[in-house]
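> As given, the protein sequences belong to chains A and B, one line each in that order. Add 184 to a position in the first sequence, counting from 1, and you land on the number used in the numbering used here. Add 184 to a position in the second sequence, counting from 1, and you land on the number used in the numbering used here.
What the hints contain is simulated information worked out from the structure, not anything from laboratory work. Incorrect hints may have been included.
Identical chains share a label here; the pair holds if one copy fits it or two copies do between them.
Said to hold, decoys possible - Simulated pairs of lysine to any residue, SDA-like, Cα-Cα distance not exceeding 25 Å:
1) Lys250 <-> Ile548
2) Lys455 <-> Arg277
3) Lys487 <-> Leu266
4) Lys455 <-> Val267
5) Lys250 <-> Arg270
6) Lys268 <-> Pro323
7) Lys486 <-> Asp225
8) Lys486 <-> Asp233
9) Lys455 <-> His492
10) Lys268 <-> Lys486
11) Lys250 <-> Ala354
12) Lys250 <-> His492
13) Lys268 <-> Asp480
14) Lys487 <-> Pro325
15) Lys487 <-> Ala261
16) Lys455 <-> Gly281
17) Lys250 <-> Arg358
18) Lys250 <-> Met570
19) Lys250 <-> Pro325
2 protein chains.
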Amino acid sequence: MTSPLTSALTSSATGRTARLFWTDSERDADLFYLTGFLAGDPILFLETDGVGELFLNDLEVDRGRKQSRIEAVHRLAEIGDLVKERTGSRPGRGANGIALCIREIAEQRDIGSFEVSEHSSVALADCLRGMGFGVRWRPAPFVPERACKRPDEIEAIRGAIRHTEAAMQAAIDRIAASEIRDGMLYDADGPLTSESVKRTVNGLLAERNCDPHEVIVAGGIQACDPHDRGTGHLPGNVPIILDIFPRDKATRYCGDMTRTVVRGKATDEAKRLFAAVAESKAAAEAAVRPGASGQDVHAAVKKVFEAHGYETGQRDGRMVGFFHGTGHGLGLDVHEYPGVGAAAHQLEAGHVITIEPGLYYPDIGGVRIEDDILVTEDGFENLCTMETVFEI
Amino acid sequence: MTSPLTSALTSSATGRTARLFWTDSERDADLFYLTGFLAGDPILFLETDGVGELFLNDLEVDRGRKQSRIEAVHRLAEIGDLVKERTGSRPGRGANGIALCIREIAEQRDIGSFEVSEHSSVALADCLRGMGFGVRWRPAPFVPERACKRPDEIEAIRGAIRHTEAAMQAAIDRIAASEIRDGMLYDADGPLTSESVKRTVNGLLAERNCDPHEVIVAGGIQACDPHDRGTGHLPGNVPIILDIFPRDKATRYCGDMTRTVVRGKATDEAKRLFAAVAESKAAAEAAVRPGASGQDVHAAVKKVFEAHGYETGQRDGRMVGFFHGTGHGLGLDVHEYPGVGAAAHQLEAGHVITIEPGLYYPDIGGVRIEDDILVTEDGFENLCTMETVFEI
Numbered sequence: 185m186t187s188p189l190t191s192a193l194t195s196s197a198t199g200r201t202a203r204l205f206w207t208d209s210e211r212d213a214d215l216f217y218l219t220g221f222l223a224g225d226p227i228l229f230l231e232t233d234g235v236g237e238l239f240l241n242d243l244e245v246d247r248g249r250k251q252s253r254i255e256a257v258h259r260l261a262e263i264g265d266l267v268k269e270r271t272g273s274r275p276g277r278g279a280n281g282i283a284l285c286i287r288e289i290a291e292q293r294d295i296g297s298f299e300v301s302e303h304s305s306v307a308l309a310d311c312l313r314g315m316g317f318g319v320r321w322r323p324a325p326f327v328p329e330r331a332c333k334r335p336d337e338i339e340a341i342r343g344a345i346r347h348t349e350a351a352m353q354a355a356i357d358r359i360a361a362s363e364i365r366d367g368m369l370y371d372a373d374g375p376l377t378s379e380s381v382k383r384t385v386n387g388l389l390a391e392r393n394c395d396p397h398e399v400i401v402a403g404g405i406q407a408c409d410p411h412d413r414g415t416g417h418l419p420g421n422v423p424i425i426l427d428i429f430p431r432d433k434a435t436r437y438c439g440d441m442t443r444t445v446v447r448g449k450a451t452d453e454a455k456r457l458f459a460a461v462a463e464s465k466a467a468a469e470a471a472v473r474p475g476a477s478g479q480d481v482h483a484a485v486k487k488v489f490e491a492h493g494y495e496t497g498q499r500d501g502r503m504v505g506f507f508h509g510t511g512h513g514l515g516l517d518v519h520e521y522p523g524v525g526a527a528a529h530q531l532e533a534g535h536v537i538t539i540e541p542g543l544y545y546p547d548i549g550g551v552r553i554e555d556d557i558l559v560t561e562d563g564f565e566n567l568c569t570m571e572t573v574f575e576i
Numbered sequence: 185m186t187s188p189l190t191s192a193l194t195s196s197a198t199g200r201t202a203r204l205f206w207t208d209s210e211r212d213a214d215l216f217y218l219t220g221f222l223a224g225d226p227i228l229f230l231e232t233d234g235v236g237e238l239f240l241n242d243l244e245v246d247r248g249r250k251q252s253r254i255e256a257v258h259r260l261a262e263i264g265d266l267v268k269e270r271t272g273s274r275p276g277r278g279a280n281g282i283a284l285c286i287r288e289i290a291e292q293r294d295i296g297s298f299e300v301s302e303h304s305s306v307a308l309a310d311c312l313r314g315m316g317f318g319v320r321w322r323p324a325p326f327v328p329e330r331a332c333k334r335p336d337e338i339e340a341i342r343g344a345i346r347h348t349e350a351a352m353q354a355a356i357d358r359i360a361a362s363e364i365r366d367g368m369l370y371d372a373d374g375p376l377t378s379e380s381v382k383r384t385v386n387g388l389l390a391e392r393n394c395d396p397h398e399v400i401v402a403g404g405i406q407a408c409d410p411h412d413r414g415t416g417h418l419p420g421n422v423p424i425i426l427d428i429f430p431r432d433k434a435t436r437y438c439g440d441m442t443r444t445v446v447r448g449k450a451t452d453e454a455k456r457l458f459a460a461v462a463e464s465k466a467a468a469e470a471a472v473r474p475g476a477s478g479q480d481v482h483a484a485v486k487k488v489f490e491a492h493g494y495e496t497g498q499r500d501g502r503m504v505g506f507f508h509g510t511g512h513g514l515g516l517d518v519h520e521y522p523g524v525g526a527a528a529h530q531l532e533a534g535h536v537i538t539i540e541p542g543l544y545y546p547d548i549g550g551v552r553i554e555d556d557i558l559v560t561e562d563g564f565e566n567l568c569t570m571e572t573v574f575e576i
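The shape of chain A in the complex, shown without the other chains (with noise of 0.2 Å):
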């Protein structure tokens, strides 16, 4: 079919072309690359030949001056005195009345259409077209300055990774300090639980300023379902996930690891399973550099367990093998551009992306390793620095 992306544009649109915002900061990591400022609630934002305009609330318009990295931060209200003497009424807080706000905001910079994102408002988009107005959207990535890391985020990643890791190595010491007991595990307050081993991770991590999102501790079947996050009392002797992914506030960049550990022995059909896995994290990495793709990065995944013998497809009405991306952009979000796996995103140096291969048996268990990785102008360099141990 015919892309939207130009047919969405009216013919009637003439002026200046705007990049066009209306969402809230905290989700979107685009409006916070670019303004540097933090809301909860939806902000307007316009970019016009490279110059930001942030357009605030009473309520927020101090703190937008204060901290945003943007020096035209205007009030909103006042844009809402000029909707008021066209139309003879406030603008609401809904699309209608932003639109309205936006038509004074553009008229008054002779801005005739909008770049939104894909993920923009539908009913923003129809109002402006309402108005004459072009509405344009993008396929992600949106604002794709982000995907090359500078420096300093590069450090921020390195920040959120050393919590990140400092996490995971407080939940292996509490599988390891615990007791086998009829095949299940026990400390000294009863049944260890991927609730307690959750809470201990989300403890350490508050202390350290950061938002834990949710964290995976799931042994036995429930490792075998890669987003299952885990429940209840955790076996010994078969393989738990443990994959955590919290945001450094400070920040808000993230880390993204996982570690799949054995309290006990494990099975030599679950050691052979680590062992595969391992090795293709090792080929994926070796196949990343500037120019490879995230398929050519996936496919040395796939081609390790093929060699192995471990075949992906649905077994007794379950998903089997491998069957999620090798890895995703990491950055302020945990996903972000550019995708590891069945998409053609070409890596360049400065991205970071994680490599995260799995194989997941019910009947051996799930076993996943995780490493955030920065792609480098001569290969790659892995920016976490905590071995990988299988039992313990």
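With the hints as your guide, set chain B onto chain A.
Coordinates of chain B only, in the frame set by chain A:
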């Protein structure tokens, strides 16, 4: 202007209408409310004639079948197979690819048009409209049944409030135990800072399996900017605002409370500010009943402030007085329908709202008090049980 609410439905659209979501349920509480399924990446959900269907990628589909309350959980990959049969290639993961999948689903079910939230993706709407489907957005609240809480939801909010109160008490205890030297607060470790009090709050909330969101601990001039989270050394003898609004991760419901305290001696002007805010809060609560509007409650607050001569407006380039809404709905989101401020949202029994009047003058300080209020058949119930003290 003409509302695009109806004009957006193209005339070619026939067949049934489905409510459509393509977003993640960690951010979209409507989607979590309808599915009971927590997903951090966008998932596809359609509801036709009250029957919901989830379409999940292979990484999520097993967890979706176990954890969601939706009976029909499908593999999105199987829809992708149909797309490949028709177009010759598998659909991508962007808006175009999802629209191609939705076309297959819609044709099987005789769906001709979609209702989406006003925040729904413009790109998806453009793609679907380009295929001849009608796409109509509705202003918030998109899932209005979420506003009146069921008894189990009210209990979940009470649970979140208990955690909020425990964290608030811990913060107040730390400030109360500090010493004043040269007008600043100190504890055994040295200067008592906003960051240190926040770490206490965050650690306690993590132990209780709560996501703290952001925490505000702002003293002196910082407290006069209601969205300033607070940084640095805390002052004695002037108001410190503590605003805590965590999500209980076990239920996903939130609490939201504010207290303002002075360690040491408050000035007479600050005491008058506190008394006026407390009086306005009582007046607001007295105005809460089914059938009242949020505007009525807000007006009750403004009336008290006007009677005491507290003016609102710009002074020396910043806003002073009372320049935010009186409150907002509270539930799966910290801010949800109904508003208690400028909008004419009518209160109904079962709504849970915050009441949080405040006054902010840089030469006196900032004072805000906030509790969470259930609208009942005959008035209101304060779900918070914690006392309000000023000087500590």
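> Going back to the hint list, which numbers does this structure go against?
Of the numbered hints, 2, 3, 4, 5, 8, 11, 12, 14, 16, 17, 18 and 19 do not hold.
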